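Engineer: Chain residues, written in single-letter form:
2 protein chains.
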Amino acid sequence: MEQVTEPEAIRSRLLAACRDGRTVGLVPTMGYFHDGHLALMRAARRDCDLVVTSIFVNPLQFGPGEDFGDYPRDLQRDREAAAQVDVDLLFCPAVETMYPEGFATFVRVERLTEVLCGRFRPGHFQGVATVVAKLFNLVPADFAYFGEKDAQQALVIKRMVRDLNFPIRVITVPTVREIDGLAMSSRNIYLSEAQRRAAPVLYQSLLEAKEAMERGERSGEALCHMVKRRIAREPEARLQYVEVRGLPDLEELTEVNKPALLAVAAYFGKARLIDNVILDPTGRVKSLNDV
Amino acid sequence: MEQVTEPEAIRSRLLAACRDGRTVGLVPTMGYFHDGHLALMRAARRDCDLVVTSIFVNPLQFGPGEDFGDYPRDLQRDREAAAQVDVDLLFCPAVETMYPEGFATFVRVERLTEVLCGRFRPGHFQGVATVVAKLFNLVPADFAYFGEKDAQQALVIKRMVRDLNFPIRVITVPTVREIDGLAMSSRNIYLSEAQRRAAPVLYQSLLEAKEAMERGERSGEALCHMVKRRIAREPEARLQYVEVRGLPDLEELTEVNKPALLAVAAYFGKARLIDNVILDPTGRVKSLNDV
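As you go down the protein sequences, you meet chains P and A in turn.
Numbering of the first sequence is given in numbering that gives the first Met the number 0, commencing with residue 0 and proceeding in unit increments.
Numbering of the second sequence is given in numbering that gives the first Met the number 0, commencing with residue 0 and proceeding in unit increments.
Any given hint could turn out to be false.
For identical chains, the list gives no copy identity; a pair is met inside one copy or between any two copies.
As the list claims (entries may be wrong) - Lysine to any residue pairs mimicking SDA-like chemistry, simulated, CA-CA at most 25 Å apart:
1. Lys257 / Gly101
2. Lys227 / Arg12
3. Lys269 / Ala8
4. Lys209 / Arg228
5. Lys269 / Phe102
6. Lys257 / Ala103
7. Lys285 / Gly101
8. Lys257 / Asp66
9. Lys285 / Arg44
10. Lys257 / Glu100
11. Lys209 / Arg283
12. Lys257 / Phe102
13. Lys269 / Glu213
14. Lys257 / Pro99
15. Lys285 / Ala82
16. Lys209 / Glu109
Simulated from the structure, these hints should not be mistaken for lab results.
Remember, predicted model here, so these are calculated numbers, not experimental data.
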């Protein structure tokens, strides 16, 4: 497995492969890999001739007071994990080369970014869209892989790709979970033992609401209320939001009469965790690739 | 000369050429060609194997009350002119395919866009950056050509290309002028006979200031004052701004002690015209390609 640090080098490194008609898959990450990241790389491996994984803890997507400084980093461990799933190329640019002095250009996706996490993390999705636009220009990839745990992020990137005509296809991969249902996240490392034991309440409450929807409950308010009540019973959890939103535009939805996202964010101590499930009364939509 | 309307078609049409290692030059325009546009196409013809000219009157870069509806359009005439300078491919997308319902993504360049024309046309450069980002993604070009008459636009695009790592090189081409010095512009068609006779005052006043700089005047305020006084004597002209700004960042500059842009905007009736000259005490910088 090769490692490239310089933005100028990554494109020329891949252009020969593109000219030969080989397909390239890009997995943009912030590193500190868990099985969720590895599932993205495996999906890319299945689809593409060449797999590129980028590791870049993107300062632009952290707000003031958020965990940019604390965000876990372990390049040696990540290298080994990526090699195991047969990644061809690791792209690890430095902050100073990605955002040199005088940097002034930002990609903003409206509406989609103003709800759910966007309401509590102003600037977050602009940071995500901007760095992903950069990566898409640096890495001439045919496919890019994003996890469904970060559903809003995947929808924002899909919208950006369509609107700005990036010649790349976005593929989403199902959330990978611990045995007790907790969605894998690099931030799970922040959890104390008690918080870790409590954290599966997020997915459990989402599943309960999803089952209620399948039994006929269509009221967004009632479904959210179920999640709220369940999480309120868990003393380690502080709910930030729970909302039902239409797919793929994340518009307000009072009745689940179309494919929807039931999404939740909660604090466990200093760890802010998110999770979501797709609600679809027709049962047709199983993943964000279907909307 | 081929003509393509569908955004999905333009990229696949060019990819074979790229794979063969042929270079592509893109000339983004809003049509209604004058010799300034043709100079861009000739420069592309000189440098590249394939020349693509896009014609798209971009609604996003017009403010409310500006001349989007009135902007002159004549595709038949443009086709003939482009064929004459040996353009290979004309790309003429429709507004509805460039900005379909639900479009929500915008590229914003900070600082550079907040001065000069940006101060009087809020949203203009965001519209320009967004459409050019789209064109750069649609047309896999090696070089893109912009006129120096729209100096701020060229600097904004250069900044965007660098910041977002677009794999394209921006080339600027000197302003083409009428015999009396008036910078060619599609908007010159709005001028009455009297206004047309008056309009060369813009370039004349800029040249006078440039000559004063060459004779040793370094004060930005004094140079701007010369331009103001000269334009004030012309009853058909209403000055909007005249400013000296540093290159390439368009920062404030009280002393011309480095390469600078002396830029002016004025109304002649309903026609808003702009022009500029480069001031460089060392004489080294002759074009925006040098900064």
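Engineer: Now tell me, hint by hint, if it's right for this structure.
Structural biologist: Outcome of the hint check:
1. Lys257 / Gly101: between (45 Å within a copy, 18 Å between copies)
2. Lys227 / Arg12: neither (50 Å within a copy, 53 Å between copies)
3. Lys269 / Ala8: The answer is neither: 38 Å in one copy and 50 Å across copies each exceed 25 Å.
4. Lys209 / Arg228: Only inside one copy: lysine 209 and arginine 228 sit 15 Å apart there, 73 Å across copies, limit 25 Å.
5. Lys269 / Phe102: neither (31 Å within a copy, 36 Å between copies)
6. Lys257 / Ala103: between (40 Å within a copy, 22 Å between copies)
7. Lys285 / Gly101: Between copies only: 23 Å across, 43 Å inside.
8. Lys257 / Asp66: neither (36 Å within a copy, 41 Å between copies)
9. Lys285 / Arg44: This pair counts as within: shortest intra-copy Cα distance 22 Å, inter-copy 50 Å.
10. Lys257 / Glu100: Answer is between: at 19 Å across copies they meet the 25 Å cutoff, but 46 Å inside does not.
11. Lys209 / Arg283: Intra 14 Å, inter 69 Å, cutoff 25 Å: intra-copy only.
12. Lys257 / Phe102: Between copies only: 21 Å across, 42 Å inside.
13. Lys269 / Glu213: neither (34 Å within a copy, 62 Å between copies)
14. Lys257 / Pro99: This pair counts as between: shortest inter-copy Cα distance 22 Å, intra-copy 44 Å.
15. Lys285 / Ala82: Answer is neither; intra-copy 30 Å and inter-copy 51 Å both fail.
16. Lys209 / Glu109: neither (28 Å within a copy, 44 Å between copies)
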